[in-house]
Structures are given as structure tokens and as C-alpha cells.
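Engineer: Next come the chains, spelled out residue by residue.
Number of protein chains: 2
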Amino acid sequence: MNSEFTIAVHSLALLAHLPGHMASSELIAQNVCTHPARIRKIMGILRKNGFVKTKEGVGGGYMLACNPGEVTLAAIYRSMSTGTLKPHWCPGDPKEACLVSANMHDVMDQIFTEAEQYYTKYLEQHTIQTVLDKIRQGKCRVQDSQ
Amino acid sequence: MNSEFTIAVHSLALLAHLPGHMASSELIAQNVCTHPARIRKIMGILRKNGFVKTKEGVGGGYMLACNPGEVTLAAIYRSMSTGTLKPHWCPGDPKEACLVSANMHDVMDQIFTEAEQYYTKYLEQHTIQTVLDKIRQGKCRVQDSQ
DNA sequence: CGAACTGTAAGAATTAAGATTACAGTACTC
DNA sequence: GAGTACTGTAATCTTAATTCTTACAGTTCG
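Protein sequence lines correspond, in order, to chains C and U. Plus 107 on top of the position in the first sequence (first one is 1) and you've got my numbering. Plus 107 on top of the position in the second sequence (first one is 1) and you've got my numbering.
If you're looking for bench data, these hints aren't it; they were derived computationally from the structure. Do not take every clue at face value.
Each pair may be met inside one copy or between any two copies, as identical chains are not told apart.
As the list claims (entries may be wrong) - Below 35 Å or equal to it, Euclidean Cα-Cα: the simulated DSBU-like pairs (lysine-lysine) are: (1) Lys155 - Lys193; (2) Lys162 - Lys241; (3) Lys148 - Lys193; (4) Lys160 - Lys202; (5) Lys148 - Lys160; (6) Lys202 - Lys241; (7) Lys202 - Lys148; (8) Lys148 - Lys241.
Take these sequences, add in the hints, and give me the full structure.
Structural biologist: Have a look at this one:
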């Protein structure tokens, strides 16, 4: 799995956290620690799925377009990363005479797909809001350190 | 996630499938479609966890040391790949003043850990035997084709 | 028009995964 | 006890996935 799901959650949580619920790709990128172009790509997917709205041109950026308490991590995962849990490489060879070698790929594929459903079942329990709550009640580094 | 879990399941299912429940790393490697050295590495982990026994020397190889109906995929996953579901890259920066950036890493880490528990909960439902059953009832390529 | 944004794609750089090689150790057989 | 057929393990090479960077066209506002 790549990190697009994590970055999407981070970006949405950040927008929910900020007073105006709005930020440019550059600001989000700094917060996430990646490149603005990567943020724009991910926000494009979130826009197509209705989680954010885009404002182009001067003073533009991304704006939260959903209720943070209603959007689950499962919904975000589904729009970003469905199917990325299973490894890329797969064992066996369909042309083999041995049943195990010939059918292992299909069997494991089915198992990974069903396991992913359990995975997303957990993600249903979290929303952008609950993530934000966890973040806020987490240790406040700024005051702890120095 | 890399493919060690899948290969481990494949190897154990193959051993359970074979009459003598035994095979060399080279035979397994051919069946899985990978290199014998990779199989030996994975079988070493399975041996340390008691799933197989090793016989070195001439006529040696790996032998099933467990009841295929009792060993769940969850047990195999735990010994091979715990923690590999989460992406390697992680967003945010603990040194940031912004709470979201500072704490996102810890929060997502916790979420991925808990989601993995749901994932393995599904894997509890499968054993080497149920995988083998699926393989055997799957379409038999050898007779279908040609 | 020009400045400050987004949208998108191509290519480079980095990192993880997998393949290969090598060789020491073990056990069987002659 | 020498030779053969295995495993155990580590180092290195290759390939593929991920991430970064650059570039530029399109949009909006002053």
C-alpha cells in the first residue's frame, strides 16, 4: 500500500482543524511533509468523491465540503486505495499441472479481498472528527518540549 | 506488504497436499515460482514457529509438522508479517507546532495497528486445510484446457 | 495583463522487493 | 572419509514501486 490514504486523512483532518476549513496545496504539503504536486493529485481524487471543493485562481485552494463527523475512514479508503492491501507479487503458475500451483493465485486473491472487507469494517468506526479528537487529546508537543 | 505471507501459505498448502507431506526447497520454489533461497528463508521462519520440520543432508527437505486443520492463516500471518500492512512512508513532523502535523503519525499508527487486528480476525477463519479445500474444488485447469 | 492558484503529466531519484550467487554446515551413501 | 544432496544465511545485483521534482496549461481575481 502506498501512503495516499494516510495523506488524504491527514489533509482532511487539517482542513477540519483550520478555522476557515481552507488551505492551499502548498500549506497542506508543508504540514504533511511532501510535495504540493502530490497533494494536488490526492485532493483531485477527494474532490471527485465530494469530500472537498476546489477554488482555482488567486486566493484559491481546497475547502472542506463534508461534515467531519459523517465521513468515515472507510469511505476515504475506498475512494483512494481499494485493493492495495494485497501484495503485487503472486505465487504459482496457472499453467502448472499441480493444482496447488495452478489455483493458489485465485484462492489467495479471494482471501485478500475478503480480509480487506474486515479491514474496512474497522475503518467504518472512525471519522475525520474522531481522528481530529485523537490528535487534539494526544500529547501537545509544543508545550511539552523546551 | 511483501509476499512472504502468501508464499508461506502456498508452501504449507503444498506440503499438506503432497502424499509424503515433504519437499525440498527446490521443488517448492518451482511450484511457487520463485528462487529456492527465498523458500529456505521463509521455511526457516516457519520452522522457528513450529509449522515445519527440517531435514538436512541427502534426501532432506521440509516436512509438515502441524495439523493443517488447526493452523489458521492468522497464525501464519502473525509469525511472518505482523505490522507490514501499514505504509512505510508517514506524514507529518513531530517537531511542527501544528498539532495535526505533530500528532498525525502516532494517531495513524494506532489506527493501522487496530485495523490489522480486524484483518487477522478474518484470517482466523481460514486454516491450511480450508485453503487446500478451496484449491481442490477450484476449476481443474489440467482437464479444462486442451 | 500579471500574480497566485489548481490540474495533470512526464521524468528523475529513492527505496523496497525479489533474484541470484556463494559458501559453510549437515547428513546420508558408497 | 570422500562425494553428493540437501539446508542456513548473508551479501550483492536487479527490478519494480513509490515518491519527488519539474514543467506548463488552465483558471480567477485585482
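Engineer: The structure should be examined with respect to each hint, and the outcome stated for every one.
Structural biologist: Hints, verified against the model:
For the identical chains of this complex, Lys155 and Lys193 are neighbours both inside a copy (25 Å) and across copies (25 Å), given an alpha-carbon limit of 35 Å. In the homo-oligomer, the alpha carbons of Lys162 and Lys241 lie at most 35 Å apart inside one protomer (29 Å), although the nearest pairing across protomers, at 51 Å, exceeds that limit. Within a single copy, Lys148 and Lys193 get their C-alpha atoms as close as 23 Å, and across copies as close as 21 Å, so both meet the 35 Å cut-off. Taking the shortest alpha-carbon separations for Lys160 and Lys202, only the inter-copy value of 30 Å comes in at or below 35 Å, while the best intra-copy value is 49 Å.
Proximity of Lys148 to Lys160 under the C-alpha cut-off of 35 Å is restricted to the intra-copy arrangement: shortest distance 14 Å within a copy versus 50 Å between copies. For the identical chains of this complex, Lys202 and Lys241 are inter-copy neighbours only, at 18 Å across copies versus 50 Å inside a copy, given an alpha-carbon limit of 35 Å. For the homomeric pair Lys202 and Lys148, the shortest alpha-carbon distance between copies (26 Å) is at most 35 Å, but the shortest distance inside one copy (39 Å) is not. In this assembly of identical chains, the alpha carbons of Lys148 and Lys241 lie at most 35 Å apart only when taken from the same copy (27 Å versus 40 Å across copies).
Violated hints: none; the structure is consistent with every hint.
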